[in-house]
Structure formats: C-alpha cells, structure tokens
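*Asks:* As a plain string of letters, each chain reads:
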Amino acid sequence: MLKTFRIGGIHPPENKLSAGKKIEQLALPDQVVIPLSQHLGAPTQAVVAKGDKVKVGTLIAKAGGFVSANVHASVSGTVAKIDTVVDASGYRKPALFIDVEGDEWEPSIDLSEELSAHIDSISAEDILRKISENGIVGMGGATFPTHVKLTPPSGMKAEILIVNGVECEPYLTADHALMLEKGKEILIGVRLLMKSIQVNKAIIAIENNKKDAIANLELLAREYEGIEVCPLQMKYPQGGEKQLIDAVISRQVPSGALPIATGAVVQNVATAFAVYEAVMKNKPLIERVVTVTGKCLTHPSNFKVRIGTSISLLIEAAGGLPEDTGKVIGGGPMMGKALVSTSVPITKGSSGVLLISRKESQRKESTSCIRCAKCTSVCSMGLEPFLLGTLAERGMFEEMEKELVMNCIECGSCNFTCPAHRPLLDYIRLGKSKVGAIIRNRKK
Amino acid sequence: MENKLVISPSPHIHSGDSVSKNMYGVLIALIPAYLVSLLFFGMGALIVSLTSVIACVGFEYLIQKYVLHTKPSICDGSAMLTGLLLAFNLPSNLPVWMIVIGALVSIGIGKMSFGGLGNNIFNPALVGRVFLLISFPVEMTSWPEPGQLTVYLDAITAATPLTILKEGGHSLPEMQDILIGHKGGSIGEVSVIALLIGFVYLLYKKIITWHIPVTIFVTVALFSGILYGIDSVKYATPMIHLATGGLVLGAVFMATDYVTSPMSKGGMIVYGVGIGIITILIRVFGAYPGGVSFAILIMNAFTPLINMYIKPKRFGEEKK
Amino acid sequence: MNLIVIAVITLGAIGALSAVVLYFAAKKFAVFEDLRIAQIEEVLPAANCGGCGNPGCHAFAEACVKAEDFSKMYCPVGGAAVMSKVAAILGKEAKETVPMIAVVRCNGTCAHRPRTNIYDGATSCAVASALYGGDTDCSYGCLGCGDCVVACKFDAIHMNAETRLPEVVEETCTACGACVKACPKSIIELRKKGPKSRRIFVSCVNKDKGALSRKACEVSCIACGKCEKVCEFDAITIENNLAYIDYNKCRLCRKCVEVCPTGAIQELNFPSKKVENN
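For the record, the sequence lines run as chains P, Y and D.
Each residue of the first sequence is one higher than the last, beginning at 1 in the working numbering.
Each residue of the second sequence is one higher than the last, beginning at 1001 in the working numbering.
Each residue of the third sequence is one higher than the last, beginning at 2001 in the working numbering.
Keep in mind the hints are simulated off the structure, nothing from the lab.
Worth double-checking, as some hints may not be accurate.
What the hints assert, rightly or not - Derived BS3-like pairs: lysine-lysine, alpha-carbon spacing no greater than 25 Å straight-line:
1. D:Lys2255 / P:Lys81
2. P:Lys443 / P:Lys402
3. P:Lys304 / P:Lys3
4. D:Lys2181 / P:Lys444
5. P:Lys93 / Y:Lys1265
6. Y:Lys1265 / P:Lys235
7. D:Lys2255 / D:Lys2192
Treat the numbers as computed from the prediction; the structure is a model and nothing was measured.
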C-alpha cells in the first residue's frame, strides 16, 4: 500500500495531455515584460532605467528585504520602459519592458551543458548566498523566496528534506518532464539543498502516475547517499506542503505552526533544478519549464521559456488559441488563476498555461446546500467548508476564526465536490482575508 | 474583444456531481425494494406509491410557485424521493385521501415551512408518516397480508412481526420469509435483502457513507443482544430486531437523509448510536411496536447540536 | 367532578409555585440599567444599522448615557431631529449637523465602460475584488455585484440592471455609511446633501494615468486639471491622477462641470440649463 496523506482528498481526472512530451526550447520573443514582483514578500527595487542595455542574467531589480527575491533580465537588449502591466493577479503591477537584441549572456554564467557535480568544496553559506543572489523562489506556484525557507527560525532545526515531485494538479506535466530529462541535475540540487540546511536525509516524493520518473530518479539516486524516492498514492492535494509532509513522514503540522515544526523542509523539484543551476552554473532564475495544455489545443507541450515571455507566444507554439476558448488559466485547474488576457507574462511561479473551452468555463448555477457533508469529507484540513462558506457569506468572521478558517489551504476540493455547485471557496477565501486582517489588527 | 474570457476564482473544474444525481441515485437504490413490494402487495402498493409521489411533487410545485414565489425545483428529484419514501412507510391499503394529507404534511410542514430543500430539520417523509400514524392509528397499523395482488382497500390485514412480539405472541414468520419480505408491513420495509442491495448500490455510488447505517445495525444488534441475553423468553433475538419493523429501510434510506443527518463522521456515529438505542427502547419498553421513525426524528432534532459539538478530525490536531 | 377538582388544584399549585420562583429569580438576577437608556432607545430609529459606530441602537443608547463628550455622538439615521430628542433626555445640547447622503462615484455604465471579460465567481464585490481588477479595464470602478445593496438596511440603494451601477434613493438614504464600508473599491462616499439636494462631485475614482483610464472608460477623470483651474473657491484638488471636490468649499457654481472634457464631473438635481446628452 503506497503512502498518502490521511485526511480528505479527491481524485480529479488527470488529463495529463502533455505527459511524456520532451521539453522544447521556445524561440526568443521580441520583447519581454518582467514584473518587478514575482514572489511572495516585499517588492523589489528596479536598478536599471529606460534605455539601459542589459544582458541575460543582469540584475534588474534588487530584493526589497530579506523576504524578497532579486529579479534578473531574461534576455539581452534595451530597457524600453518601466510601466504597469496586468499580471496574473488581475491588477496592474509595475514591470520592466525589455526589447530583445541578440542573446548575449553575462560572462559569469557557465553556459556549458556539462554536469557540475563537485559540491564538496561549497559551504552551506555559499549555497544560501548564491540561491538568494540568483533570485530563486519556490517554483511550485507559491513563489516563496527559497533562501528564506532554507533559513529556519531560531530554535528550529530541519531534520529532513522532502522534495516535491508530486505535481498533483491535473493537466500539468512540467515537473514530470524535468524529472525525466534533468534527473542528475535535480539530484545535485537536492544534495545542495540538504547541505544548506544540514540534513543527511532527503526524500523525493512522486505520485504513482509518474512511474517513469520514479524509476529514473530511483536509479540515479543510488549514487547519492541519503536520497530516497518515495512513490505516493495519487490523491489531490498531495502537493500541498502540509499534506506532503503528512504523506511522507506521517507528521502533521500543528494548526498555526510553520511546516518546519515537523522537522521537514519541502522544496519543489523544479526549485531543486534551479538551485543546481544557480549554485553550480551561477545562473539566475531567468527561465523555467511551463506546461501549455488544454483539451482543445492541438499540441499540448512542455516549453522551456524565458521569464517575461507573453503567454500568447506559448499558446501560439502549442498550436494557437482555439476558437472556443473560454478561460485561460495560469497554473493548474484546481489552484490556478484565470487570466484576463493572453498577454500576461510568464513569471517565476508559472508552472502551466491551461486553456478551457467555453462550455467547461462557465460554472453551473448554485442551489442551496443540501448538507450532504461531501465537502467535509474531502477537506484535507479537516474543516467544514459548508459552515465556513455560510459564515463568510453572512459576514460572521469571528466565528470563522474559531472554526479554524486560517488553516484552509485553498485547494478547492470543496468547490470541486459540491453537488449544489456552491462557490464555497470563493467565500472562504474572502473570510480568510477578513480574518487575517482581524488577527493582524489584534496584534497591533 | 468579441470572445471575452471568463474569469472566476479557482478551482476551474468540477466533479460533475449534482443534487439531482444524488437524489436519482437514491431512487435507483430503492428500485429493488419497490419491485419486491409490487410482487407482494400488487395493486395496493402501486396506487399508494403513485399517489404519494404525485402528491408530493405536486405540492412542492404549487408551494414553490404560489406561496414562496421561487423557481420550482421539482426536477431535482428530492420531492419524488420524499414521495416514494413516504409511500414505503405506509400500508398498501391506505386510502388515497389519507396519503394526500400525508404528502401535504411531508412537503408543506416537513420541508417547505423551513425554507425548502436543505433547511428542514426533520426528515420530511417521516414527518408525514408520523403525522398519519398519530392521526389515523388504526389505518396506519393494520398491514395487509402479502400476496393479495388485485385488492386495494379491502385487503385482508395481518400483524407485523413486531406487533406479534408486542402482543406476546410467538407465532413469528420464518426468518427466511422475513428476509425476503413475505410478511406484513409497510410497502417498502418488508424485504431486507432488496433494501440491502440498495445499500450496496448507494455505497458503490458514494452517495452515502457506511457510518450511519452500520452504526445503527451494530447498536441495535448489541443492545437487543444484551436484552436477549438477560431474558431470552421475554425479549426477541437481535436478528428479529434487525430484520423487522423497517429498521433496514430507516437506517439505510431515512436516517442517511443528507439534510437532517450530522456532517462529521464522528457525529454520524453518535447519531447512529442514538437512533439504535432509542429504537430498541421504544420497541421494548414503549407503547408503539415500531420505533425507528420516532428514533430518527428524535435524533434529527439533535443533529444541530451534534454538528456544533462534534467536529471533524482537524489536520494537525494529533501531535506526534 | 373529583377529577376536575384535582386538575384545578394541581395546575393551580404548579402555577403558583412557578410564579414564586420566577418572582424571586427576577429579583435575584435583576440587572440594573440606567432608565435613560431605555428612554433613548425609544426615540432611536431601531434600525440597528451600526452607522453610528456602535453595534446596534441599544449600544448607542448606552454610549450616549456614558459619553463624556456628547457632541461626538451622532445617529446618522435619525439625524438632528432624533439627536435633539436624545439630548433632551440627557439634559444636554445637541450639536448642529449637516444632512449627508451616500454618493456613488463611478459612472462606468455598460455603455461608457466596455466589459472586457466575464466574471463568473460568487456574486459578491468583495470576492471579485480580491480575485482581480474587475470585468472592465478599469480596476478602480464599480464591480456591479451589489455588496452595497445587500449592506443597506433602508432599501435606499438599488442596482440599475441596465447600467449595472448602484443608484441611491435620495428620500430613503440615511447616510448611515453601511454601503461605504461594504464597497471594496471605496467608490461610495458620504457627501453633504446640499441645498435642495443639489450637489457636484467627481464621479470617478480611477487613479491610472489619463490615457489608460480614458481607454478603459469614456467618462473617467483623466486629471487634465481644467476643473482645478476654473474653480474660484479652491475646492478642487488633483492627486494621483484624480480630481476631488471638497464639498465644504464647493459653492455649486458648476463651472467645473462645464469644462470637464470627459463628463466625469456630475451635477445632481440642478434645474436643467440645456438638454443634457445622457
């Protein structure tokens, strides 16, 4: 019996249309639009101005604090302007527009394809410094600055590194493709991460629908001490940090505590790969693998894309925008964000672009709750979504706090399951933000 | 931009489950029991069930349209289900006018007065049934003998196993007959086997979970077992208690009613235990021979309380 | 006969006993309350809208009795009339107040502001606003889900199905401020009702640069500054690409309305000078 997390969970149809597709390099665009904030935390400060020449890897915006991440130019060329652009958040945010000229890289970046495996001479501090300098963030979607996550709060000590290769979101295959093609690099990245938090055990967790990736990494991992591959039963939201820790080491993060309380640090496989490139090749996070998929697309694929590329180019490369597209989603269908236009740029956290037909886009009309308790049984945090949803609708935010709304990980299982099509998560999210504000006010 | 994009919060996909799918699922699960009842009670069962279903759907439509002024939602199948469940709880020789009154009480008082589907506190079909039981005790407790296929109102009545017990008689039907359904009783309760087939279907379709029915069965078996152990002459065997008096019908189809049962797994178990205990208490010590309906209604009343105090197992509560 | 006597005696006894118990319970657990609280509550509108900042009318009455500085207490619903009654009960002086009204500062009707996407989430402005900028290119304007309508306890704000904008009913609006708090975009403002309900305001809250806001909406404020220049009373300021009219300084001369190139400045309840192009 394979491991999995213990509470709730759902089995959405997988639809991994681009599984097994090789990673294709997307051609350079004419212009990239690089949002100045692509991570969770303090915004960055632009350090270049209009008209400046930049190379691939040039620092263009500096981290605005510890919980923040540098942004680098992903192309070479001239800064056209610093303006606002509607990004995945649906609001206008400051961004740097760079006109592409050639493809000239910063000389400090090692461009060779050769595997650099000598990690013994690198100290933990060096690793952290390089990760932070090169603007690495969590690439599973949360975009939390990686160096912050690798620096446990004082008094806490990491015991184990869990590498997240679960990719439980339907449709997405970017991590899967990376695990097949860049296995060695990922494993060195994992070694580097282990060294940076001083643990000697790492578990790479992969869901059982990616048997080839499991086999590949298991084979490669034999050469590395302390790295194990752990196949997991398929269940959504296994890629959630708390669920993954529970699934792999059977420890549950206590309510309100950080995951490090269980002694585990979780990093995504794509992050591990980026860490490898940052530390061993001195390459900033300027490109990533993105799945472009959808049932109506002719060529669902995995692309290696420069940050700041408009998603319309990706859709073009995957066969063009189908006529009856109703929704363009940045990310997977369960937690991704619906985008207002196809000109939104790819950022560090974009794991996929999903197109959904008009017919599937529209939600069904919601009817009154029949109290079937299905939301309660699928909630992986053991909450009562029907209750939280109603409380939020009525503005009863104090009660929501007592019902532990802040534990909600917004995985969407309740909405997915609700037979009455109630917009449970819409309201729970609203309640979360209101309760969050109440808690912050109280602390003041 | 003639082709506007749709924007909504995540998630962007849905399981495809719906209220009507669940309701029709339960209706399908009731088919085996219904077929058995047609086999044993013939025309009577047909007339009673049709009247009840038509009356329930009709009242729901009329009340939604002319009293509440909301969009009628009779297509979701919930009124049909209430109607069929009500019929299942009635004897097959009940006059039409009584059935219509029962349907009106079920839908009008049991369901609509609380605001319709999802808001009622008590199981509507049981509200109707208990109302009829109290109003027309004679008609509601004289059960036609099975096998009279062409008679309706004039059917010869026979005692149910539980009535036989209550009156101290010991000429119980054979266990085999009890299980198949060849016994006196309400339309839907008679065949334990057919009802259990329905139960398996509901579990397979994930319409209900095992918690409520199984806890009721276990509680009833244990409690009646203890009594039987104390005095095997005075009290019936657990098997008799499990197989008669609509216990299976109640446990599988009535107690599991979404709206009126608790939300958490722990709550469902408490609820099931409560129903089991109250059922046996009424059967053994109360005035009525059957207690399942009352037990379910009583526990329905406790459901909000159970929901308030018994929460699902929260993630991270268990410290290791 | 005997039965009736017994019934009367038992029921009578139970009744008497209960009465005694209730009497002592009422004495024992009585909570003293300032009598004036009840008196004040009597004159309050009993809408429990929370417009005064207290959770309901009873709390407001309590606060009035306790208040050291009575001039800070004000019931926006009851207005001056009610406050003078309250003041009379407390033997204090009610301060003069100017009647206010809620004003919706967005004129982005379907005709003025094209819809660029379809919102399909829960019908709640708060939910939509947390999700994204809205179903037009203006991320400041009205989302049209009607949180203000839900918040209003006086049925004084309604959604116009055609324009998809809320409209305030002059007669019933009490300026309690519930809609102001409910609007996640801070579009609704309480402004001076003005003589004969005449008022002038900038019906736009878009802080984008002129070109952007104009592209999103025909009647947006583009911060051209014409109104600021023409105003003789220094009532108009432009900040963050947006003009704002200070209702305390405005003399309702309407010059700004005439010069506004986009028609973002609106006048209400003035006798019509010329035929307005609506």
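*Asks:* Hint by hint, say whether it matches the structure.
*Replies:* To see whether the hints hold, each was checked on the structure:
no.: 1; hint: D:Lys2255 / P:Lys81; result: violated (38 Å)
no.: 2; hint: P:Lys443 / P:Lys402; result: holds (17 Å)
no.: 3; hint: P:Lys304 / P:Lys3; result: violated (32 Å)
no.: 4; hint: D:Lys2181 / P:Lys444; result: holds (21 Å)
no.: 5; hint: P:Lys93 / Y:Lys1265; result: violated (46 Å)
no.: 6; hint: Y:Lys1265 / P:Lys235; result: holds (20 Å)
no.: 7; hint: D:Lys2255 / D:Lys2192; result: holds (19 Å)
In this structure, the earlier hints numbered 1, 3 and 5 are contradicted, and the remaining ones agree with it.
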